[in-house]
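*Asks:* As a plain string of letters, each chain reads:
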Amino acid sequence: MKTDLDNRNTKVMNRFDVTSRLIAKLGNEEAVIGGIGNTNFDLWAAGHRPQNFYMLGSMGLAFPIALGVALAQPDRHVFALEGDGSLLMQLGALSTIAALKPKNLTMIVMDNGIYQITGAQPTPAAGVADIVAIALGSGLANSAWAADEEDFERLIEAAMGASEPHLIAVRIDDKPGIGTTRRDPVQIRERFMHGLGVREPL
Amino acid sequence: MAIAEQKTSPQAAQGAGESSWDGIVLQTLKRNEISLIPYVPDRVLTPLIKNLHADPFFTTFATAREEEAVGIVSGAWMGGRRGAVLMQTSGFATLANVLASLAVPYQIPLIMFVSERGTLGEFNYGQSLVCRTMRPVLDSLALEHHTITRLDELEFIADRSIKQAVTTQAPVALILNPLLTGGKVFDK
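Protein chains in written order, with UniProt numbering: chain A, 1 to 202; chain B, 1 to 188.
These are calculated hints, taken from the structure and not from any lab test. Predicted model only: the values in this text are computed from it and were never measured. Each residue gets a CB set at the ideal place from its N, CA and C atoms; glycine is no exception. Among the hints, erroneous ones may be present.
Unchecked claim - Sample of chain A residues facing chain B (criterion: CB under 8 Å; computed from the structure): (1) L61; (2) I65; (3) G68; (4) A72; (5) Q73; (6) Q90; (7) G92; (8) L100; (9) P102; (10) R189.
Given these sequences and hints, build the entire structure.
*Replies:* What follows is the structure, given as structure tokens:
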């Protein structure tokens with residue numbers, strides 16, 4: 001597919017590689033919310049942490065769930081990983097987050113323009129819509145495309161010390177996720193709550 | 001009468017509407033340490049929303065969609081903060097997916113207050129049909145739900161339902177019927 005958006009000055013990266021780079025930057029038990037499908041498969045594969053939450057459905061809610069965690073624990077930084085197709089389902093969430101301005105929330109959008117897990121069909125936005133422009137228009141002033149891996153790491157570092165929410169968009173390839181998340185929702189939630197210090201381990 | 005007693009009690013003097021349905025809901029939320037209140041507006045909920053905004057105990061804000069609000073309070077619960085979602089019947093109708101894939105399987109005590117449109121004088125055919133989808137959805141997921149019609153039962157039902165939701169880690173829907181709230185009347 002050749003469109004004007006392909007002319008953006010952004011390298012096409014790999015989701016697992018980018019996710020691993022994010023995890024490597026974490027040192028303060030930051031929470032990470034994985035969206036459905038490949039974003040949480042790669043989050044799992046990057047090395048399970050008790051502060052990771054894996055969604056099993058409810059497409060599009062990675063950012064709202066992360067917002068809830070961020071509002072509950074303002075001293076903990078919260079990252080959310082979302083696919084471009086999932087984000088399209090819940091664009092209104094960007095404005096909600098922009099209005100609330102949680103300083104401890106960073107949103108990462110993995111954009112490959114396709115619904116990869118269902119057979120790589122293009123999203124309705126592929127080739128026409130610019131996620132960072134949408135985020136900026138939604139009121140999220142700190143929104144940027146990552147130009148390459150180093151730029152992504154720089155944006156992550158900037159977001160962790162910021163006083164406003166950040167959105168980082170990454171162009172990624174069409175490689176499937178590595179690994180598969182375990183699919184016991186209660187176990188996922190309990191471990192996450194232990195990781196956040198809300199529950200004592202069993 | 002309980003209502004008359006509340007009107008003359010010292011607590012009643014603290015805030016307007018202490019004995020109104022919205023005042024009772026606000027106080028019940030507060031007593032149960034439910035402080036995060038995302039909502040999608042509804043005419044009937046207006047006094048409650050206004051008073052929640054006015055009370056610094058609560059973090060009250062509008063969301064673009066009810067699903068979003070459910071995601072937010074689910075995340076907040078996991079982070080150790082209690083919340084509740086306010087919506088009207090048509091908003092509930094958008095929630096089947098998030099209830100079945102997040103709140104129920106992850107065992108999250110999602111507390112929902114639903115202002116009931118579509119019954120007792122509804123003037124919008126679309127609203128009345130949407131209303132009829134609500135209880136079958138709740139029943140199909142085996143979700144606890146109560147329809148509140150009486151002011152003197154409101155505090156008991158709301159307080160006990162919230163406590164049950166939290167202790168059993170299960171969602172609950174509290175449906176605010178027009179007999180309680182007055183509902184919305186055809187005025188334009």
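*Asks:* Hint by hint, say whether it matches the structure.
*Replies:* Okay, the hints, checked on the actual structure:
1. Among the interface hints, the one on L61 of chain A holds; its C-beta lies about 4 Å from the nearest C-beta in chain B, closer than the 8 Å criterion.
2. Below 8 Å, beta-carbon pairs count as interface contacts, and I65 of chain A has one with chain B at about 4 Å; its hint therefore holds.
3. Among the interface hints, the one on G68 of chain A holds; its C-beta lies about 3 Å from the nearest C-beta in chain B, closer than the 8 Å criterion.
4. The beta carbon of A72 of chain A is positioned within 8 Å of a beta carbon in chain B (closest approach about 3 Å), and the interface hint is therefore held.
5. Hint on Q73 of chain A holds. Least Cβ distance to chain B is approximately 5 Å, under the 8 Å limit.
6. Contact between Q90 of chain A and chain B, as hinted, is supported at the beta carbon level, the nearest pair being about 6 Å apart and thus within 8 Å.
7. This hint holds: G92 of chain A has a C-beta 2 Å from the nearest C-beta of chain B, less than the 8 Å allowed.
8. For L100 of chain A, the interface hint holds, the least distance from its beta-carbon to any beta-carbon of chain B being 6 Å, beneath 8 Å.
9. Against a cut-off of 8 Å between C-beta atoms, the interface hint on P102 of chain A is violated, since the closest Cβ of chain B lies about 11 Å away.
10. The beta carbon of R189 of chain A is positioned within 8 Å of a beta carbon in chain B (closest approach about 5 Å), and the interface hint is therefore held.
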